[in-house]
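Visitor: Kindly produce the complete structure, drawing on both the sequences and the hints.
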Amino acid sequence: MSRLASVRGQIERLGSGLSSQVWRVGFASRFLAYMLLHSGTALRRFHLTIAEIYFAGVLSLVIILVSGLFVGMVLGLQGYETLQRFGASESLGVLVALSLVRELGPVVAGLLFASRAGSAITAEIGLMKATEQLSAMEMMAVDPVARVVAPRFWGGVLSMPLLAALFSAMGVFGGYLVGVQLIGVDAGAFWSQMQAAVDLRNDILNGVYKSIVFGIAVTWIAVFEGYDAVPTAEGVSRATTRTVVTSSLAILALDFVLTALMFTGGNGQ
Amino acid sequence: MQQSPVLELQKPIVEIRNVSFGYEAARPVLRDIDLAIERGAVVGIMGQSGCGKTTLLRIIMGALAPTRGEARVLGRATGELDRDALYAMRRKMGMLFQFGALFTDMSVYENVAFPMREHGGLPEELIHDLVMLKLQAVGLRGAAHLTPTELSGGMARRVALARSIALDPQLILYDEPFTGLDPISFGVIVRLIRELNDSLGATSVIVTHDVQEALGVVDYVYFMAAGRVIAKGTPEEIRASPEPFVNQFVNGKPDGPVPFHYPAPEYGADLELAGA
Ligand SMILES: Nc1ncnc2c1ncn2[C@@H]1O[C@H](COP(=O)(O)OP(=O)(O)O)[C@@H](O)[C@H]1O
Ligand SMILES: [Mg+2]
Chain A
5 MSRLASVRGQ
15 IERLGSGLSS
25 QVWRVGFASR
35 FLAYMLLHSG
45 TALRRFHLTI
55 AEIYFAGVLS
65 LVIILVSGLF
75 VGMVLGLQGY
85 ETLQRFGASE
95 SLGVLVALSL
105 VRELGPVVAG
115 LLFASRAGSA
125 ITAEIGLMKA
135 TEQLSAMEMM
145 AVDPVARVVA
155 PRFWGGVLSM
165 PLLAALFSAM
175 GVFGGYLVGV
185 QLIGVDAGAF
195 WSQMQAAVDL
205 RNDILNGVYK
215 SIVFGIAVTW
225 IAVFEGYDAV
235 PTAEGVSRAT
245 TRTVVTSSLA
255 ILALDFVLTA
265 LMFTGGNGQ
Chain B
568 MQQSPVLELQ
578 KPIVEIRNVS
588 FGYEAARPVL
598 RDIDLAIERG
608 AVVGIMGQSG
618 CGKTTLLRII
628 MGALAPTRGE
638 ARVLGRATGE
648 LDRDALYAMR
658 RKMGMLFQFG
668 ALFTDMSVYE
678 NVAFPMREHG
688 GLPEELIHDL
698 VMLKLQAVGL
708 RGAAHLTPTE
718 LSGGMARRVA
728 LARSIALDPQ
738 LILYDEPFTG
748 LDPISFGVIV
758 RLIRELNDSL
768 GATSVIVTHD
778 VQEALGVVDY
788 VYFMAAGRVI
798 AKGTPEEIRA
808 SPEPFVNQFV
818 NGKPDGPVPF
828 HYPAPEYGAD
838 LELAGA
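As given, the protein sequences belong to chains A and B, one line each in that order. Note that our numbering gives residue 254 to position 250 of the first sequence, counting from 1, and the numbers run on in steps of one. Note that our numbering gives residue 838 to position 271 of the second sequence, counting from 1, and the numbers run on in steps of one.
What the hints contain is simulated information worked out from the structure, not anything from laboratory work. Predicted model, so just to flag it, every value in this text is computed and none were measured. Wrong hints could be hidden among the right ones.
As the list claims (entries may be wrong) - Listed next, the in silico DMTMM-like pairs over lysine to aspartate or glutamate satisfying Cα-Cα at most 25 Å (straight line):
(1) B:K659 - A:E136
(2) B:K799 - B:E743
(3) B:K799 - B:E839
(4) B:K659 - B:D786
(5) B:K659 - A:D147
(6) B:K578 - B:D765
Guide: Laid out in C-alpha cells, this is it:
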C-alpha cells in the first residue's frame, strides 16, 4: 500500500519534472524570439555589442589560447605515437589540423567559453535582476531585454567563432612545436600535407558552422538563465551552475547531430 | 475620451478605484483599495511589512495590472496601456528603489546620464550640464567620477534620486526611501524629497514602514493593513487616530492588534510539560 503510494509519487514527480522542463524550453524560445525582435538597439548602437564582445572575448582569451596550445601539443605526441607505427608520421600535420578544425576547436573552445563567459553572463544579468537594476531600467522606460540582454547575446554569438578559430590555430602551433621542433618530423611534410588535405568547405567551414551553432546555444542559455534567475544570491548561483551544465550538454549533443549531418554524406563518395 | 489639459490638471494625478489584486488567485494581496493623490502633494502610503505597499506601487507604475478595479495614473488607466504607451507614461515618472538599484557597471555620472542618453538624443555638452545640475541638487556633484561601490548607503540613495529626476518627472515614487540610513543621511533624504517635489512642481508618493519618521515629511497619509486602506488623513489626524492598529504603529508599541507572538501552539505543549 505505502509502497504503491511511493511509486506513484515518484512517477508523479518524474512527470511534473518533465513537463516543467518542457515549459522552460517554451519560455526560453519565446524569450529568444522576443530578444531577436528587440535586437535593434544592440545593432544600431553597435558599441554596446562591441563592449560585450570585448568582455566575453577578453574573459576567455587567455584560457582559450593556453588550452589550445596544450591540446595541440598532446595531439602532436599522441598522433606521432600512432602514426609512426604505420610509417605515416609525415601526416602528423593533417591529423592535428583535422582533429582541431573539425572537432576539438569548436567543442573544447565551446566548453571553455560556456564555463568562463557563459557563467559570467548569467551571473551578471542575474545580479542585475536581484539588485533591481533591470526593474529600474524598465521604470525608466528602457527595455532591459533590448538594452542589457541583446548586446550580451550578440557579443557572445560573435565572439565564439573567433575564439574557436584562435583555439584551432594555437592547437596547430602546439602540434608543430611538439611534432616538428621536439620530435623532428619534417617541417615541409608537416605543412604541405596539412595544406593539401584540409578542405576549405568540408573541414574549415563545417568547423566554423559548428562554432557558430555552439555560440548561439551557449549564449542563449546563459542570457536566459540570468534573466530567469530567482532574484536572490542563491538563485543566481544556481542559475550560473545550470548555465554551465546545460550548455556543456547542449554542445556535446549538438556536436553529435552536426557531425552526423556534415561528415557522413560527404565521405561515402 | 480626450479631455482638455486644464481639466486634467485639476484631477488627481493618481486615482485608484476599488482595486483588488493577488499574485495568486487564491490569496488576494490588495482588497478594494481606493485612493486619490492630488497634484503637488507628498503622500505617504504606510503600513506593516508585507501589507501590500510595494504591490500597490507596482500597480501605480503599471508593472502589474489590477485583478479588479481601475488604476488611473496621469489621466490614463494603466491596465489598458500597451508597452509603448506604458513606456511613454513612465517617462513622466521617476522611481526610487529601496536600495537605489544603481547600475554597478557605470560611474555615478553615467548612471544619472543613462535616462537622458536612452531617451534624449541630446548633445553631449547638454547632457553634461544636466547631469551636473541634477547631481548639484542632491549635493554630489563632486562624486560624479565615483563608482556605485565607492558610495555609502546614503550617497547611493541620493545618486539614485538624482537619476530618477533626470527627466524632470511629474510623479516621483519612493519605495522605502528611509531604510538603513543613518540619522544624517535620513535628514538629507527627507529634505531632498520635499525640495525636489516643490522645485520640480512634481507629486511624490512615499511607500514606507518607517511610520514615525515619514509622518514628519508627508502632507497626507493612507494607512494600510492586510491589503486594505484602514485609515487616511493628515499626519495630525493619523497621530490622533483612534484605530488601535494605527495607534500601535504610530507609537511603536510591541504588542497590540499586531501580536508580539507569531501564532503558535500552547507554550506548555511545546515544552512537553503535558507529557510529564
Ligand atoms: N512577486 C511576488 N509573487 C508572489 N507573492 C508576492 C510577490 N511579491 C510580493 N508578494 C507577496 O505579497 C504580499 C505583499 O508584498 P509587498 O507588496 O511587497 O509588501 P510590502 O511592500 O508592504 O512589504 C506579501 O505577502 C508577499 O509575500
Ligand atoms: Mg515593500
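Visitor: If a hint holds in the structure, say so; if it does not, say that too.
Guide: Hints and how they fare:
no., hint, verdict
1, B:K659 - A:E136, "20 Å, holds"
2, B:K799 - B:E743, "19 Å, holds"
3, B:K799 - B:E839, "46 Å, violated"
4, B:K659 - B:D786, "22 Å, holds"
5, B:K659 - A:D147, "16 Å, holds"
6, B:K578 - B:D765, "19 Å, holds"
Of the numbered hints given earlier, the model fails hint 3 alone.
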